[in-house]
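From first to last, the protein sequence lines stand for chains A and B. Quick note on numbering: the first sequence equals residues 174 to 426 in the numbering used here. Quick note on numbering: the second sequence equals residues 34 to 260 in the numbering used here.
There's no promise every hint is true.
Unchecked claim - Label pairs and their in silico Cβ distance ranges: (1) B/Val-63 to A/Lys-267: 48 to 54 Å; (2) A/Pro-252 to B/Ala-151: 33 to 39 Å; (3) B/Leu-73 to A/His-265: 16 to 22 Å; (4) A/Arg-185 to B/Leu-107: 43 to 49 Å.
Said to hold, decoys possible - Derived coverage of chain B by chain A (criterion: at least 3 residues anywhere in the stretch with Cβ under 8 Å from a Cβ of chain A; other residues may be distant): (5) 47-56; (6) 175-184; (7) 220-234.
Don't read these hints as lab results, they were simulated from the structure. Even for Gly, the Cβ is constructed at its ideal location relative to N, Cα and C.
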Amino acid sequence: MSDMNLTLKVWRQKNNNDSGRFESYQVAANEHMSFLEMLDVLNQTLIEKKEEPVAFEHDCREGICGACSMVINGRPHGPQGGTTTCQLHMRHFKSGDTITIEPWRAKAFPVIKDLVVDRSSFDRIIQAGGYISVNTGQAQDGNAIPIEKDLALQAFDAATCIGCGACVAACPNASAMLFTSAKVSHLGLLPQGEVEHSKRVQSMVKQMDEEGFGMCSNTGACEVECPKEISITNIARMNRTYMGSVFGSDKTV
Amino acid sequence: MSWVSNFLTSSIGKKLIMSLTGLFLISFLVVHLAGNLQLLANDGGKSFNVYAYFMTHNPFIKTISFGLYAGILLHAIQGILIALKNRSAKGSRYAVSTGANASFASKNMALLGTLIFAFLLIHMGDFWFKMKFGAVDMVAYDGIDYKVQDLYDKVLTSFKNPLVVVAYLVGLIALALHLLHGFQSAFQTLGLNHKKYTPFIKGMGVIFSILVPIAYAIIPIYFFLFK
Chain A
174 MSDMNLTLKV WRQKNNNDSG RFESYQVAAN EHMSFLEMLD VLNQTLIEKK
224 EEPVAFEHDC REGICGACSM VINGRPHGPQ GGTTTCQLHM RHFKSGDTIT
274 IEPWRAKAFP VIKDLVVDRS SFDRIIQAGG YISVNTGQAQ DGNAIPIEKD
324 LALQAFDAAT CIGCGACVAA CPNASAMLFT SAKVSHLGLL PQGEVEHSKR
374 VQSMVKQMDE EGFGMCSNTG ACEVECPKEI SITNIARMNR TYMGSVFGSD
424 KTV
Chain B
34 MSWVSNFLTS SIGKKLIMSL TGLFLISFLV VHLAGNLQLL ANDGGKSFNV
84 YAYFMTHNPF IKTISFGLYA GILLHAIQGI LIALKNRSAK GSRYAVSTGA
134 NASFASKNMA LLGTLIFAFL LIHMGDFWFK MKFGAVDMVA YDGIDYKVQD
184 LYDKVLTSFK NPLVVVAYLV GLIALALHLL HGFQSAFQTL GLNHKKYTPF
234 IKGMGVIFSI LVPIAYAIIP IYFFLFK
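Chain B with its partners taken away, still in its complex shape (with noise of 0.2 Å):
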């Protein structure tokens, strides 16, 4: 099996790994948005905590988020690990550099996924760690025979300090334009490049990078100003 471990310590190999895992986790980033919106709905939480306990009590859906911790992971740290090879590949750096031919996104891609994984763990410590290690009040609802952790008190708790709603919001910023140029950077890693689907690919990709963290941003905005 020597081929297979010659692949994936081979450049490409290693950017194929990239290029899965970060499209698995802009799968994920549709998933969270779809049920975290629910905490949009004006029903003093109740689609959303009960959202949360089908979540984390669905045996399917715990195994998926394992993988999700792996691909995570493994993300952030074969990224390191290509980031820092790449950087002593260089070498030396020029006097002068104009900037002028490539992206800041994607010259900077290892400092936006650094700063998305501080805000990963921010987040996590947050709400994670509170509902799977602290104390969060439960909550009976009608219609539904068990009670259910009162997940949604905790989001209107945080996101009334100013500083948890900024932190989000330069954890967004960070992954829009990590997505800018990782969307469709992943499709072409793939080898996926084609006169006629990549046009599409990089404008999917743009309107994606846009909109998602967008939709993401409400959240907190409209429960630091609204709630």
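Chain A extracted, bound-state conformation (with noise of 0.2 Å):
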């Protein structure tokens, strides 16, 4: 076990109304360490000083939840890609480094307290049409609804996005996209969520556009950052259904 000495600049501001600034601390930590109990460690040394703790939200730690939500040294969770913050262990840096940490930027995730930003904008796409609106039961047999597997494989890889906006905080754009297409596609592509497929994604789209989330310029960089490493093939369905749904259907949302 070696011992580990960094420094880090982390991003402290008090709420939504203070403009922010860097601050530098020391922390001693060990390469087996995860990100966030280094982080832990250096809360720890902070409140053992009466100084205020760093906040930043996280919940499973085991890398399934999306509560944790920082870029470390430019990068949404870190250098390690296809991995959450809480998922990536402190041997992925060498003692002596400098670690800069910073929330999520965008307008539509706005900072609540250092590193922790409100990400209720998701929730409220999820809420216009991410869902099954009817009571679909027990769970069915296996085999009772048979579902070709190319198409099961690509809604589960749809339904592994952990809604940790990792993507907006990677796009330059601040677009929301990525995660939007991932929730159409991964309700879509199976027969219980196809039938309301058509009107879901023209809802979602809407919700997202009033949500102030910027538009996709095809850089691919959400899914290079994504922790679930969904692809922009996603995106690319999401566009041809929305179309389809505005000039195909006589529904309008």
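Mind docking these for me? Both chains are given alone in their own frames, and the hints should help you get the complex.
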């Protein structure tokens, strides 16, 4: 277990009205810690010194909840691909490194405090249509509704989205297209969700626009930073479904 | 018809306009290049001048050219509006940016587009404006019973100026980068992302973005060095 001495430049912001600034801290860590455990150590020392600990979001700490959300050295969830911050370990850094930690930056994700941002805009996109509006009853017997393997896999790949917002954080336009398209795809590809697919896509895109996210310019930064490696093929699917729904269906939302 | 305006003001609708106008302008690049390569014909400018006369006098071509001007303006204005909206949607920038997750071109389409637009102004000021409103000498050719403007001569003098040649090359590099992202991006926006076709579209995009600007660049370089 080798000890590491790190310099952290952490974004500190009291609340949404505060303009915010970087503060530097020294922290002693070891390579087996997760990134969040390293921040826990920092916070413990801050508490012992009667200083305000750094606010950051975390919940499951096993990479499946989407709570952790910070930009580490310019990359959402840090330098390791396909990984959430909580699953990023300190062995990916060297002793003596300076690590810059910032919150997600997007107008639609206002900072609540330090590294914590308000992601309820995502919740409202889901509320606009990211569900199946009838009671689907008990879980079906595995083979009661046959679904082609390829489709099931595509739907499942989209369904792995944990809604962390790294796509918005990575996007130079703060676009939420990867998130929204993942939700549209995972429901729309399966028979139970396909029924409302056409209306759902219009409702969710409308809400996404109202939340003030930017427009997709196909930079592909989102799929590079997505901890669940969700592909921008989902964005293309949403684009064509949306156009098909607007021009080809009798539905307007 | 509120559904139409809803669509055109939605994020996807705005991007669709960029995609369609972009593809239209790409098709123009091919036509314009094919015509202009006649400048390289060793006939004292006859084929180019006769072609230029046709392009400016054929009613069908003239109609299309208004569509082209509209396409350029729509693409440019919509592009700037989108870039401004996107910038404000991002709000503040990161202190550290790695640039690792997206290409330079994809993140700087508005900047590249502005460079191309500036180039277009120079380009049209130099040829189109002088052809329409300035004095270009008339010239007669054997076998053609009308006189045509000697645009070839105009090209000849313009490309003797090294500053003009450099401006053209800068404009073409910006165009190449703009196309490197824009070509395949236009298809993605249309929703055309397909296991079988996308690799082909991306490959075509790269070849097009490199070959077409190079072919255009040959013209000023050839005139500067050899004419």
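message: Tell me the numbers of any earlier hints that the structure contravenes, in ascending order.
response: 3, 6
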